[in-house]
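Order-wise, the sequence lines are chains S and L. Everything in the first sequence is counted per our numbering, starting at 1 for the first residue and increasing by one. Everything in the second sequence is counted per our numbering, starting at 1 for the first residue and increasing by one.
Hints are not guaranteed to be accurate.
The list makes no distinction among identical chains, and a pair is therefore deemed to hold if it is satisfied within one copy or across any two copies.
What the hints assert, rightly or not - Listed below are the simulated SDA-like cross-link pairs for lysine to any residue, each with C-alpha atoms no more than 25 Å apart in a straight line: (1) 309 to 96; (2) 338 to 99; (3) 131 to 93; (4) 33 to 101; (5) 309 to 404; (6) 130 to 4; (7) 131 to 327; (8) 290 to 408; (9) 371 to 116; (10) 182 to 396; (11) 130 to 389; (12) 84 to 355; (13) 131 to 54; (14) 338 to 135; (15) 338 to 181; (16) 224 to 65; (17) 207 to 395; (18) 395 to 313; (19) 309 to 396; (20) 290 to 86; (21) 284 to 256; (22) 252 to 67; (23) 395 to 381; (24) 290 to 99.
Keep in mind that the hints were calculated from the coordinates and are not lab data.
Take a look at the letters that make up each chain.
2 protein chains.
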Amino acid sequence: MTQNNVLVAQSGGPTVAINSSLAGVIAATVESKKYDICYGALNGVTGILDERYLNLSQIVEQDSTIIDQIKSTPAMYLGSCRHKLPNFDDDSHPYEQIFSQFEKLQISAFFYIGGNDSMDTVLKLSDYAKKINSNIRIIGIPKTIDNDLCMTDHTPGFGSAAKYVATSILEISHDTYIYKVKSVTIVEIMGRDAGWLTASSALARNKYSMAPHLIYLPEVAFDKEQFIEDVKKQLKTTNNVIVAVSEGIRDKDGNYISAGETAEDTFGHAQLSGAGKTLEYLVKEQIGVKVRSVEINVLQRCASHIASKTDLDEAFVQGKKAVEFASNGVTAAMVVIKRLSNDPYTVEYDYAVIKNIANEAKSVPVEWINKEGNNITKELFNYLLPLIQGEVSIKYSNGLPTYMDVSHLHKRSEK
Amino acid sequence: MTQNNVLVAQSGGPTVAINSSLAGVIAATVESKKYDICYGALNGVTGILDERYLNLSQIVEQDSTIIDQIKSTPAMYLGSCRHKLPNFDDDSHPYEQIFSQFEKLQISAFFYIGGNDSMDTVLKLSDYAKKINSNIRIIGIPKTIDNDLCMTDHTPGFGSAAKYVATSILEISHDTYIYKVKSVTIVEIMGRDAGWLTASSALARNKYSMAPHLIYLPEVAFDKEQFIEDVKKQLKTTNNVIVAVSEGIRDKDGNYISAGETAEDTFGHAQLSGAGKTLEYLVKEQIGVKVRSVEINVLQRCASHIASKTDLDEAFVQGKKAVEFASNGVTAAMVVIKRLSNDPYTVEYDYAVIKNIANEAKSVPVEWINKEGNNITKELFNYLLPLIQGEVSIKYSNGLPTYMDVSHLHKRSEK
């Protein structure tokens with residue numbers, strides 16, 4: 001019997017919402033009259049090349065609560081990869097393998113959930129499908145905590161990371177306000193080329209706390225002398241200054257701000273300190289007050305226990321929309337979200353042609369950064385605020401959040 | 001009219017539960033038939049020396065929900081200090097000042113919430129009270145995420161920090177399991193001299209994940225060569241190895257494990273990298289797999305949004321018990337908790353003589369560490385598990401947890 005199946009995979013860096021989009025794809029396939037089985041490839045496109053699959057329809061059939069469990073589990077239930085397909089004009093072999101797998105599994109639509117690099121894969125597979133006159137629908141579903149995908153108002157995963165960052169800044173501010181001595185706390189936030197996540201630290205501000213008092217994004221050339229002046233000025237009115245800084249700040253010549261140039265570790269390696277650590281030393285040297293740097297690190301992209309409900313809900317809908325678009329004949333596209341209004345916050349879903357998205361990146365517009373380059377504008381604040389709204393009810397067991405069993409990923413032996 | 005007032009203050013490093021003990025002191029004073037006003041001194045004993053107080057009874061009278069709000073706010077509502085009183089035989093001046101303030105405010109009991117150093121202050125004030133035949137009750141209420149206070153089964157603040165650490169390790173494990181390449185992730189956890197908090201990372205283990213696969217506490221001399229052997233061995237059966245390591249690990253000669261010796265930053269300073277960063281470089285050099293280090297940093301002591309209900313409830317009761325003990329005539333003591341049973345978890349409250357507690361520290365017993373020195377025993381796991389149980393319902397507003405306004409701390413200009 002001929003089947004009409006779909007295949008889904010996940011790729012790139014983790015977010016808290018990427019499994020919610022996966023859950024949306026599974027849910028829509030199960031509900032669909034058009035499609036039969038929803039397969040998942042493990043570890044992105046490499047799972048297709050290696051023929052490693054899960055029958056997701058079957059898993060959900062056995063326990064329908066699994067869709068909700070997947071929705072609130074961090075990182076990728078299907079695993080990830082960082083695998084760039086060659087140009088098919090140079091090497092068509094992997095494409096032949098992938099499309100032969102599509103045929104074998106009777107796949108009529110393939111969904112790839114990921115960021116910029118994954119959209120490059122969507123573009124290449126779409127182009128190859130066109131070249132061989134394949135009717136298989138290829139659709140990208142966005143995710144990235146960096147919020148730097150073009151053609152969409154924002155990306156799934158960003159709102160939850162922003163909520164984590166703002167909550168952490170709020171809690172760190174309470175932690176620093178307790179001492180009656182001048183201090184500077186520098187918090188380094190992810191986003192090497194785009195400052196969206198660092199900007200979201202501003203959401204921590206409230207009627208009793210203006211932390212972070214200074215914000216530095218990678219979109220503005222970083223000047224160490226101006227930074228020291230900014231901090232000194234702030235210390236005149238604020239005992240405990242909190243600075244939010246992107247990991248990707250660079251000087252006017254485009255060089256990353258890091259202490260790596262002269263530092264060596266015990267093995268003689270150049271030791272690349274992060275931006276936060278570098279500014280910590282700078283403040284210690286130039287101002288001499290108590291100073292600490294905090295790198296929030298991977299926690300900002302995997303803390304499902306404080307996900308944004310808005311983010312997870314939108315990620316789920318985008319997964320469902322991908323299936324709907326595919327069944328309507330859309331291909332070579334990515335699901336996008338359009339904001340209709342900030343207040344009340346309303347959005348609608350659409351798709352955009354993949355070639356306008358792949359390998360492009362969206363920076364924070366300079367008009368949303370103040371002219372001193374050390375804060376964000378009210379417009380950016382208003383853009384960010386709706387994205388962190390709502391809390392997700394997580395089940396706890398034995399004092400810890402309960403997430404989906406992912407032993408199918410890490411217990412598997414290396415091929 | 002003669003009043004019978006109490007004074008409370010907070011000192012040392014922040015925890016998530018120290019305000020819950022404060023809430024307990026306020027609640028017990030308000031309910032008490034014996035005491036009139038509960039005053040709070042700002043920034044520990046320095047607030048007494050500077051005469052900076054809040055009338056906490058009045059604040060609660062105006063809004064009774066404030067007790068619950070204080071209970072779930074991180075760090076110190078009254079602010080903190082790191083102020084060591086001199087021996088009164090050398091300099092009795094601050095003691096005279098403090099006891100004159102007690103007299104002025106008609107204080108009959110003083111409660112100091114803090115860790116080892118704060119208990120030194122409790123001891124000194126108790127001894128001075130005895131010397132001058134003062135009838136004022138002086139009682140310590142414990143707190144520290146390090147869990148290293150003697151004479152008590154565990155300390156308020158520890159359980160919440162342990163819950164945060166275990167949750168973070170669980171979420172980081174999901175973050176690392178997604179890639180089909182060998183990797184090592186080193187998570188550095190607070191606790192310079194005691195390994196309790198690092199040990200609590202083991203609570204993250206479940207049926208699908210044994211992370212952290214290796215645990216190193218400061219109680220065991222750290223051997224770099226053995227560490228590399230341990231990691232290599234683990235990598236044979238586990239793709240993504242997660243290591244939990246205390247910031248305070250030292251070699252057999254007592255030297256901290258850090259890359260500080262030869263590293264210099266751009267200013268020519270010796271750059272003291274943490275234990276995690278040092279082990280990251282070691283793995284990179286000696287094994288060559290993908291490696292990352294994560295320093296959880298201050299978030300483990302201020303993340304009220306994922307506090308342990310058991311911890312906050314016990315901290316509250318210990319605040320109330322302090323007032324009860326004082327009203328029964330107890331002085332020169334610290335409130336302690338005694339565990340009667342692990343399963344079901346049952347405790348009772350008592351007090352212990354302060355001179356057996358101040359300036360002492362409680363390490364993890366060596367019999368609770370495995371003989372290889374890279375894991376904990378089942379006994380330690382069973383000791384830890386009850387302390388992270390239960391979740392605290394936090395109110396959210398605009399997407400963020402709502403905590404108490406602490407502008408009385410940081411808007412105040414420097415004296």
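How the hints compare with the structure:
1. 309 to 96: neither (40 Å within a copy, 56 Å between copies)
2. 338 to 99: neither (32 Å within a copy, 66 Å between copies)
3. 131 to 93: within (14 Å within a copy, 89 Å between copies)
4. 33 to 101: within (23 Å within a copy, 79 Å between copies)
5. 309 to 404: Intra 18 Å, inter 24 Å, cutoff 25 Å: intra and inter.
6. 130 to 4: within (19 Å within a copy, 86 Å between copies)
7. 131 to 327: within (21 Å within a copy, 86 Å between copies)
8. 290 to 408: Answer is between: at 21 Å across copies they meet the 25 Å cutoff, but 47 Å inside does not.
9. 371 to 116: neither (30 Å within a copy, 48 Å between copies)
10. 182 to 396: This pair counts as neither: shortest intra-copy Cα distance 40 Å, inter-copy 30 Å.
11. 130 to 389: neither (41 Å within a copy, 56 Å between copies)
12. 84 to 355: within (16 Å within a copy, 66 Å between copies)
13. 131 to 54: neither (29 Å within a copy, 76 Å between copies)
14. 338 to 135: neither (28 Å within a copy, 70 Å between copies)
15. 338 to 181: neither (47 Å within a copy, 37 Å between copies)
16. 224 to 65: neither (52 Å within a copy, 46 Å between copies)
17. 207 to 395: Cα proximity of residue 207 and residue 395: across copies only (16 Å, versus 32 Å in one copy).
18. 395 to 313: Classified as both: same-chain Cα gap 17 Å, cross-chain 21 Å, threshold 25 Å.
19. 309 to 396: both (17 Å within a copy, 12 Å between copies)
20. 290 to 86: The answer is between: 24 Å across copies meets 25 Å, while 51 Å in one copy does not.
21. 284 to 256: For residue 284 and residue 256, both the intra-copy (20 Å) and inter-copy (22 Å) Cα distances are at most 25 Å.
22. 252 to 67: Neither: 48 Å inside a chain and 51 Å across chains, both beyond 25 Å.
23. 395 to 381: between (31 Å within a copy, 22 Å between copies)
24. 290 to 99: neither (60 Å within a copy, 32 Å between copies)
In this structure, the earlier hints numbered 1, 2, 9, 10, 11, 13, 14, 15, 16, 22, 24 are contradicted, and the remaining ones agree with it.
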